[in-house]
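Below, each chain spelled out in residue letters.
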Amino acid sequence: SQTIHQWPATLVQPVGSPLSLECTVEGTSNPNLYWYRQAAGRGLQLLFYSVGIGQISSEVPQNLSASRPQDRQFILSSKKLLLSDSGFYLCAWKLGGRAPLHFGNGTRLTVT
Amino acid sequence: GESVGLHLPTLSVQEGDNSIINCAYSNSASDYFIWYKQESGKGPQFIIDIRSNMDKRQGQRVTVLLNKTVKHLSLQIAATQPGDSAVYFCAENGVSGNTPLVFGKGTRLSVIA
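Chains as they are written, first to last, in my numbering: chain A, 1 to 112; chain B, 1 to 113.
Be a bit skeptical, because a hint or two may be false.
To be verified - 25 Å max Cα-Cα, derived SDA-like pairs, lysine to any residue:
hint: 1; chain 1: B; residue 1: Lys68; chain 2: A; residue 2: Thr112
hint: 2; chain 1: B; residue 1: Lys56; chain 2: B; residue 2: Ser26
hint: 3; chain 1: B; residue 1: Lys42; chain 2: A; residue 2: Gly27
hint: 4; chain 1: B; residue 1: Lys42; chain 2: A; residue 2: Val12
hint: 5; chain 1: B; residue 1: Lys42; chain 2: A; residue 2: Arg68
hint: 6; chain 1: B; residue 1: Lys42; chain 2: A; residue 2: Gln45
hint: 7; chain 1: B; residue 1: Lys42; chain 2: A; residue 2: Thr112
hint: 8; chain 1: B; residue 1: Lys42; chain 2: A; residue 2: Phe88
hint: 9; chain 1: B; residue 1: Lys105; chain 2: A; residue 2: Arg98
hint: 10; chain 1: B; residue 1: Lys105; chain 2: A; residue 2: Thr10
hint: 11; chain 1: B; residue 1: Lys42; chain 2: A; residue 2: Arg98
hint: 12; chain 1: A; residue 1: Lys79; chain 2: A; residue 2: Val111
hint: 13; chain 1: B; residue 1: Lys56; chain 2: A; residue 2: Arg98
hint: 14; chain 1: B; residue 1: Lys56; chain 2: A; residue 2: Arg68
hint: 15; chain 1: B; residue 1: Lys42; chain 2: A; residue 2: Gly54
hint: 16; chain 1: B; residue 1: Lys42; chain 2: A; residue 2: Val111
hint: 17; chain 1: B; residue 1: Lys68; chain 2: A; residue 2: Ala99
hint: 18; chain 1: B; residue 1: Lys105; chain 2: A; residue 2: Ser50
hint: 19; chain 1: B; residue 1: Lys105; chain 2: A; residue 2: Gly27
hint: 20; chain 1: B; residue 1: Lys56; chain 2: A; residue 2: Pro100
hint: 21; chain 1: B; residue 1: Lys68; chain 2: A; residue 2: Gly27
Calculated directly from the structure, the hints in this document are not laboratory data.
Please model the complete structure; the sequences and the hints are all you need to start from.
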C-alpha cells in the first residue's frame, strides 16, 4: 500500500532562517505531488505541485520554493523565513487522472 | 475564478442524528468530486468520491449526493458520532486529471453528546 511521510511534525524557526521540509511517498511510481499551506481555522492554499521529476508549478508567488529531486521526493524550501510563513504545511500525492489526493500529517511551522 | 464553496461554515448535530454538509460548485465542467475530513492537527483524510456520471454513492455511514443541475454536492453522515467532529472539505477536479483539486472553505461539524 502507498504511504506518505512528512517531517518534521513541528518546527519553530526564527525570522530570516532557512527552511527545508521534506516529503516522500512510498508504494507508487510517478505520483503527482503537492504542497499546501493552511492557516489556523482556514482552508487549504495550494503552493506548488509537480507532475514529474524537475517539473514544478507555482500557484502563489511568495517566499517559498519547491523542488523534486527524485520521483517520490518533494521538498519545500525558503532561504529566509518571514513571520507570515507560519502555518500548517501539508504534502499530498495522487495518481494522474480522476483520483483522490492523499495527505501527509503536516508540519506545524512557527516563525518567531 | 471558479471555485468550490460551502453553504454553512459550522454545523452542530446531536449525537445519533444524521448530518448533512452541503457544497456548491461553480465549474460546470467539473466531473469528479471528493469529500475530506480533517481532524484537529492532522492532514485531511479521504472519505468518499463521486464522478459526474453518478447521482449518489454510499460508503460506510456516509452518502454523497450530486445534483449537476444545480451544481450542488452534499455529504450525509448517518447516526453521527463524537468521532465525526471535524472540518469537512469538498473538492472538485474538472479540467484534467493533472489539474490540482479546488477545495472549498470547509464546514466544521460539532457533535453534541
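Hints, verified against the model:
Simply put, Lys68 (chain B) and Thr112 (chain A) have alpha-carbon atoms about 47 Å apart, too far for the 25 Å limit, and the pair is violated. Between Lys56 (chain B) and Ser26 (chain B) the alpha-carbon distance is near 19 Å, which keeps this suggested pair within the 25 Å criterion. At roughly 21 Å between alpha-carbon atoms, Lys42 (chain B) and Gly27 (chain A) fall within 25 Å of each other, so this suggested pair holds. For the hint linking Lys42 (chain B) to Val12 (chain A), the alpha-carbon distance of about 18 Å falls within 25 Å, and the restraint holds.
Taken as a hint, the Lys42 (chain B) and Arg68 (chain A) pair is honoured in the structure, with Cα atoms around 24 Å apart against an allowance of 25 Å. Restraint check for Lys42 (chain B) and Gln45 (chain A): satisfied, since their Cα atoms lie roughly 16 Å apart, inside the 25 Å limit. The straight-line distance between the Cα atoms of Lys42 (chain B) and Thr112 (chain A) is roughly 22 Å, inside the 25 Å bound, and the hint therefore holds. With a CA separation close to 9 Å, the supplied pair Lys42 (chain B) and Phe88 (chain A) stays within the 25 Å bound.
Note on Lys105 (chain B) and Arg98 (chain A): the hinted pairing holds, with a Cα-Cα distance of about 21 Å set against a maximum of 25 Å. With a C-alpha separation of about 24 Å, the suggested pairing of Lys105 (chain B) with Thr10 (chain A) holds against the 25 Å cut-off. Restraint check: the Cα-Cα separation between Lys42 (chain B) and Arg98 (chain A) comes to about 24 Å, which is no more than 25 Å; the hinted pair holds. Annotation: proposed proximity of Lys79 (chain A) to Val111 (chain A) holds, straight-line Cα distance about 13 Å (limit 25 Å).
Proposed proximity of Lys56 (chain B) and Arg98 (chain A) is supported: the alpha carbons are some 17 Å apart, at most 25 Å. With a CA separation close to 38 Å, the supplied pair Lys56 (chain B) and Arg68 (chain A) exceeds the 25 Å bound. The straight-line distance between the Cα atoms of Lys42 (chain B) and Gly54 (chain A) is roughly 28 Å, outside the 25 Å bound, and the hint therefore fails. Using a Cα cut-off of 25 Å, the hinted pair Lys42 (chain B) and Val111 (chain A) holds, with the two alpha carbons roughly 20 Å apart.
Between the alpha carbons of Lys68 (chain B) and Ala99 (chain A) the distance comes to roughly 20 Å, so the proposed pair stays at or under 25 Å and holds. A hinted pair counts as satisfied when its Cα atoms are at most 25 Å apart, and Lys105 (chain B) with Ser50 (chain A) qualifies at roughly 23 Å. Distance hint between Lys105 (chain B) and Gly27 (chain A) is unfulfilled; the C-alpha atoms sit about 31 Å from each other, more than 25 Å. Note on Lys56 (chain B) and Pro100 (chain A): the hinted pairing holds, with a Cα-Cα distance of about 17 Å set against a maximum of 25 Å.
Distance restraint check for Lys68 (chain B) and Gly27 (chain A): the Cα-Cα separation of roughly 35 Å exceeds the 25 Å cut-off, and the hinted pair is therefore not satisfied.
Hint compliance for this structure: hints 1, 14, 15, 19, 21 are not met, and every other hint is.
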